[in-house]
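Based on these hints, arrange chain B on the given structure of chain A.
2 protein chains.
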Amino acid sequence: MKKEQYQELDGIFHPQKVAIIGASPVSDIATLSLMNTKMRDHVYLVNPKYKEIFGRKCYASVLDIEGPVDYAIISINASYVPGVINECIAKGITGAHIFTAGFSETGLAEGIELEKKLIAAAAGKIRVIGPNCFGIYCPRSGLAIVPESSEEEGNVGVIAQSGSVAESFSYFGKTKNLRFSKIVSYGNASDLDCPDFLEYMADDPQTRVIALYIEGAKNGRRLHDALRYAAVRKPVVAIKGGLTDNGNRVAKSHTGQLTGTPEVWKALFRQCGVIQVSNHDELVNTIIAFSHSLLPRGNRVSLISNSGGFSVIQTDLCAAEGMEVPRFSDTTLKALRRLVPLAGTSIGNPLDAWPIFYKVFQKEGGLTDIIKVVASDENIDSLVFMFDQFRYIRRARKHEAIGHMKLICEMMVEGSLYCRDVMGKPVFLSVSLDPFLEDDEDRQGNLMLKQAFEQNHLPVYSSSEVTIRALGRLYKYAVQTGQAIGS
Amino acid sequence: MKKEQYQELDGIFHPQKVAIIGASPVSDIATLSLMNTKMRDHVYLVNPKYKEIFGRKCYASVLDIEGPVDYAIISINASYVPGVINECIAKGITGAHIFTAGFSETGLAEGIELEKKLIAAAAGKIRVIGPNCFGIYCPRSGLAIVPESSEEEGNVGVIAQSGSVAESFSYFGKTKNLRFSKIVSYGNASDLDCPDFLEYMADDPQTRVIALYIEGAKNGRRLHDALRYAAVRKPVVAIKGGLTDNGNRVAKSHTGQLTGTPEVWKALFRQCGVIQVSNHDELVNTIIAFSHSLLPRGNRVSLISNSGGFSVIQTDLCAAEGMEVPRFSDTTLKALRRLVPLAGTSIGNPLDAWPIFYKVFQKEGGLTDIIKVVASDENIDSLVFMFDQFRYIRRARKHEAIGHMKLICEMMVEGSLYCRDVMGKPVFLSVSLDPFLEDDEDRQGNLMLKQAFEQNHLPVYSSSEVTIRALGRLYKYAVQTGQAIGS
Chain A
24 MKKEQYQELD GIFHPQKVAI IGASPVSDIA TLSLMNTKMR DHVYLVNPKY KEIFGRKCYA
84 SVLDIEGPVD YAIISINASY VPGVINECIA KGITGAHIFT AGFSETGLAE GIELEKKLIA
144 AAAGKIRVIG PNCFGIYCPR SGLAIVPESS EEEGNVGVIA QSGSVAESFS YFGKTKNLRF
204 SKIVSYGNAS DLDCPDFLEY MADDPQTRVI ALYIEGAKNG RRLHDALRYA AVRKPVVAIK
264 GGLTDNGNRV AKSHTGQLTG TPEVWKALFR QCGVIQVSNH DELVNTIIAF SHSLLPRGNR
324 VSLISNSGGF SVIQTDLCAA EGMEVPRFSD TTLKALRRLV PLAGTSIGNP LDAWPIFYKV
384 FQKEGGLTDI IKVVASDENI DSLVFMFDQF RYIRRARKHE AIGHMKLICE MMVEGSLYCR
444 DVMGKPVFLS VSLDPFLEDD EDRQGNLMLK QAFEQNHLPV YSSSEVTIRA LGRLYKYAVQ
504 TGQAIGS
Chain B
24 MKKEQYQELD GIFHPQKVAI IGASPVSDIA TLSLMNTKMR DHVYLVNPKY KEIFGRKCYA
84 SVLDIEGPVD YAIISINASY VPGVINECIA KGITGAHIFT AGFSETGLAE GIELEKKLIA
144 AAAGKIRVIG PNCFGIYCPR SGLAIVPESS EEEGNVGVIA QSGSVAESFS YFGKTKNLRF
204 SKIVSYGNAS DLDCPDFLEY MADDPQTRVI ALYIEGAKNG RRLHDALRYA AVRKPVVAIK
264 GGLTDNGNRV AKSHTGQLTG TPEVWKALFR QCGVIQVSNH DELVNTIIAF SHSLLPRGNR
324 VSLISNSGGF SVIQTDLCAA EGMEVPRFSD TTLKALRRLV PLAGTSIGNP LDAWPIFYKV
384 FQKEGGLTDI IKVVASDENI DSLVFMFDQF RYIRRARKHE AIGHMKLICE MMVEGSLYCR
444 DVMGKPVFLS VSLDPFLEDD EDRQGNLMLK QAFEQNHLPV YSSSEVTIRA LGRLYKYAVQ
504 TGQAIGS
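Chains A and B supply the protein sequences, listed in that same order.
Start counting at 1 in the first sequence, then tack on 23, and there's your number in my numbering.
Start counting at 1 in the second sequence, then tack on 23, and there's your number in my numbering.
Hints are not guaranteed to be accurate.
No distinction is drawn between identical chains; accordingly, a pair holds when it is met within one copy or between any pair of copies.
Taking lysine to aspartate or glutamate pairs in the EDC-like style, the calculated list, with each CA pair at most 16 Å apart, reads [stated by the list, open to error]: (1) K197 <-> D465; (2) K197 <-> D462; (3) K197 <-> D463; (4) K421 <-> E171; (5) K382 <-> E136; (6) K357 <-> E401; (7) K395 <-> E175; (8) K197 <-> E175; (9) K61 <-> E423; (10) K395 <-> D463; (11) K499 <-> E174; (12) K148 <-> D214.
Don't read these hints as lab results, they were simulated from the structure.
Chain A extracted, bound-state conformation (with noise of 0.2 Å):
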């Protein structure tokens, strides 16, 4: 995008004075988000109800704040805003969120009224996000959504039309290993609109893949230049909320805009180049994919896994995603044979060999060597290991499972490290964690893996269809942006 336009937006994502307006002591989402931020002592609290909030003074207009202020959150009574948005642009303020639902979404005449008359007011003076949304996370400028949403910095844009998937990306972002450089949740979009951010967060170095859940465009167009212009640049990924007739009507009364028929979105983000997913789960697993990982050069899938049912089960898997999982070569298979021990095992692709998993107490021909000769043979592009061994582990070794645990988490690592490093290849994990698992040292052994996978940047999911499906959309991708060689 223009230069100044890309400035124009990066000054709004990195304000130096923020004004909360219509601050509250009382659950106010926006004061207690910002005050557990480094924004927290640029920030003026404004509500003519208070004189104090948490021990800080409170305005009782914008007005009245003694130094300059460029960035506003606007969360008062609908029909308010109007007025509001006069007195910030009379206070200077060049960039408003605004929080406040109950415009044009509602289908009401008064609400679309409403909204006109906040249009007309800021028209050319101020820049507007929303109304009816979460506005802005950054954490490189100490804005947030979320009380709990971490101050690490990290490479995924988030671009949604909705407030609470922006939220949950926001709140969730610990626990999925995902860090953020932007995420803004837009609502009605009554000035600024998903092109406009598409194209900042193309532009955005720090941005490395973008999120994307959209309900409907102003400007069919304008969209379509935008997701190409951020698509070509970097992967998008995106959820298109509302391609159903019941799904169309909820979104129409969430955002009060225009949709298109399935068709035309997926014919849409096929041109753009646009990657499309049909539910939040898949956006969200697919964005751990591209954040953490590397590309393959190919389909040739090598799993690594401890069960023969499973084992056939991910095969198919894989075929699914138009992968394979091809026989090692002769060189692997003889090294293989020489490591892993053939009682109860099956040495071949799938890896489906248990006791390689309790060979951790020697350094060589150890865990850590089976991994890098498969990661070594030239028949494959990718590793994923399917990982469901602690409760096995914790029968066999008793109070010395975590030790153990310990030990197969480091080598693991090594290897995976060595696949990726050295042999260039993604390393995948998928690992026994069951949402409900209730266990406490089942918990701890299993996340002590997670955890030791996700500090290398290495993709982690809890359940097999899930990790050869994620690592399926890398793969196309690769293929799609000629990166990696078709099946």
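Coordinates of chain B only, in the frame set by chain A:
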């Protein structure tokens, strides 16, 4: 199946006295498992290497045991198995589970020959499960596959060619709120095969739904008849392992069975009325639904959510499953407008209305009544909750959050039981429980809701995608079996 065949199988699942041949003090899973069930006092340990294991007498041969024995678990070197089978016959044992691998599944002449010898030794004199499998879990008799399995009886039957699929069901049963009538892993099926177990579980009054993992068949006609026999009596949910060339190759080396093309299997399952799923996650999630829920009488879903964006996605997910999210009746809308605060909500279906989760301090017009209003709508056939509210409650209510959550649990359960037991409509819950959630209070709050629902046999999942897909499976089954009106 014929009465005498049923009784023979039933005897194998409920033995009186069990010999573990090849018992060992070192990570012997069969011994560890049986010592944890009511079978513990009816087990004889056999191994010429030991005089005593875990403080119990160990016999050199099964023939040395004083009293009668009717079932043997054999876990010894493959080459000794045919000889030991002869000893079992001499002892009068009528059923044997052979844990040991190294038979036809190896693809080696030696292994194939050994399996032939085993079959010849057993023929007509003892029934064999396996070799190369985990055998039986049956809480009523005390047979078990893992030391951690529940002693509680349930209504799910599992038939799995793969040991680890059976083991995984058995281990994760508690976590998934699944309880089993019986689980059997049958491996190479040298004698007792999938059709035998299908017919047995079809006639077993304790089994309400059958989960099947199958890699191949020795006799296609026999399998067809057994699948049909079972599927007309109760839901059979099946996954075929090895549907692709690669997968097929892996399956062959796993249980050594002949396999067919994906199309042949698909047609077989469809003809027989079997519900085919494509991966293990789906198998488990579908089984949870059939185990706990009644069937919906139609495809009209009501969604109670707390997010606009996710409401849209969830509505689209319903459509993808052939279901719809229709408008509520005028009566319902009128009642909801009276009970649900207007600000920040969308009163309709989906009911996107977070404030209802704060109406827990009033008996009349509170959360329970709101659920009852939705449940009573004549335009809906089922109710799905998308609960993702605990983190908000925690922000708003601070140290009172857990107490608040307790009230929510009680009121949601009360409303749900009205929906299911009075209105006769299924209720499903999606609760935001990320597998990787590391925040203990978040986990505690959400687990509380999960457990409250599970105690009342209401299906719970951790994502909306999975929840709606599982409900969709029930709906399709209801249509197929004439228990619901098609869309």
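(request) Could you place K395 and D463 in one of the four classes (within, between, both, neither) given a Cα distance threshold of 16 Å? (result) So K395 and D463 fail the 16 Å test inside a copy (32 Å) and across (37 Å) alike.
(request) Measure nothing new, just compare the shortest in-copy and cross-copy C-alpha distances for K395 and E175 to 16 Å and report within, between, both or neither. (result) neither (32 Å within a copy, 44 Å between copies)
(request) Have a look at K421 and E171 and pick one of within, between, both or neither, based on CA distance no larger than 16 Å. (result) between (37 Å within a copy, 13 Å between copies)
(message) At most 16 Å between alpha carbons: which applies to K197 and D463, within, between, both or neither?
(response) between (20 Å within a copy, 14 Å between copies)
(message) Checking an output row: K499 and E174, CA cutoff 16 Å. Within, between, both or neither?
(response) Answer is neither: 33 Å inside a copy and 47 Å across each miss the 16 Å cutoff.
(request) Could you place K197 and E175 in one of the four classes (within, between, both, neither) given a Cα distance threshold of 16 Å? (result) within (10 Å within a copy, 37 Å between copies)
(request) Tell me, please, which holds for K61 and E423 at an alpha-carbon limit of 16 Å: within, between, both or neither? (result) Close neither inside one copy (43 Å) nor across copies (28 Å); limit 16 Å.
(message) I want to check one pair: K357 and E401. Are their C-alpha atoms no more than 16 Å apart within a copy, between two copies, both, or neither?
(response) Intra 14 Å, inter 67 Å, cutoff 16 Å: intra-copy only.
(request) First find the shortest C-alpha distance between K382 and E136 inside one copy, then the shortest across copies, and answer within, between, both or neither for a cut-off of 16 Å. (result) neither (71 Å within a copy, 32 Å between copies)
(message) When Cα atoms must be at most 16 Å apart, do K197 and D465 count as within-copy, between-copy, both, or neither?
(response) Result: close only across copies, 13 Å inter versus 21 Å intra.
(request) Indicate which option fits the pair K197, D462 if close means a Cα-Cα distance not exceeding 16 Å: within, between, both or neither. (result) So K197 and D462 pass the 16 Å test across copies only (10 Å; inside, 22 Å).
(request) At 16 Å max between alpha carbons, let me know whether K148 reaches D214 within a copy, between copies, both or neither. (result) within (11 Å within a copy, 83 Å between copies)
Figure legend: structure checked against the earlier numbered hints; hints not met, in rising order: 5, 7, 9, 10 and 11.
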